[in-house]
Amino acid sequence: ILFMTVYMLLLKKDKLNSGSAHFIALVFFIYGWFLTMRTLIALILPPMHTYMDQGLILIAGFIAPIIMSPLWTFGFIIMVNQRLNAENHEEKEKLQLVFDTSPDAAMISQLKDGLLVDVNIGFSAMTGYTRTEVIGDSASKISVWHNKADRKIFITELNDHGICTNMEFIFKRKDGGPFIGTISARIITLRAVPHIVSVIHDITERKRTEEALMESEEMYRSILNASPDDITITDLEGRIIMVSPASKEMFGYAMDYEGFIGMGLVDFIVPEDLERAQSNIRLMYQGGSQR
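Each residue of the sequence shown is one higher than the one before, starting from 1 at the first, in my numbering.
Note that these hints are calculated values from the structure, not bench results.
What you were told as hints is all true, and nothing was included just to trick you.
Dumping the calculated EDC-like pairs for lysine to aspartate or glutamate here, alpha-carbon to alpha-carbon at most 20 Å:
{"#": "1", "residue 1": "Lys152", "residue 2": "Asp137"}
{"#": "2", "residue 1": "Lys207", "residue 2": "Asp150"}
{"#": "3", "residue 1": "Lys172", "residue 2": "Asp202"}
All values reported here derive from a predicted model rather than from experimental measurement.
Make the full structure from the sequences, and use the hints.
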């Protein structure tokens, strides 16, 4: 059994625990060799008649397990620790990979003073600060916050709830350029010290698009309001999304009436013209002209 254990240890070893596996295998091999030799001595040599002769064998058989037991226990402890350390290292590498591959700016800082412990690649890309520039410095000193009062609001929210989600603030890059972002964070404890894990998502382009759409909508609405004609705007499903004041007046509705919104345009067409209207709509979708 001992020699089989040696074989299995050497067979199943890997790079992470090869040293401890060799050590335990050696201990088992020595103990197996000792037991084998003791058995051979008992079988081959003539019977021992004196107490001294028997005592030496008994003492050796008693001392060997006492010596070997701590050795292989020690070896197993080393092997288990190596395995746990390797697994922890692998888990840390996985977490670091996820941390670094996020396109958003992620950072870990101390709750008390904002001291930055770690930042990811996304943080550097978003703010312009390199990792070596910010590690060990305060988040307030490196001017990520465009308005320092915003950080106080952010910290107050965290202290009150332990977590915050998608709080919108204006942040600042290394070159001083502002950008709009949403920050989500939670408080965690690392080595008995409260820390903040936070992620900033840049929404500058989204805000610009929203503003452009609002400006476009305002422009169309101003044209709509100034037109003396009946103008109705629908989506591709034929649902009304905007109606000119002249159209409301034509149909006898008050200027502040919004009941048209969301209704189908064909709902306002008399039955005898419905088929022709639907045909015209289909032609329009196909790039043709109405009849």
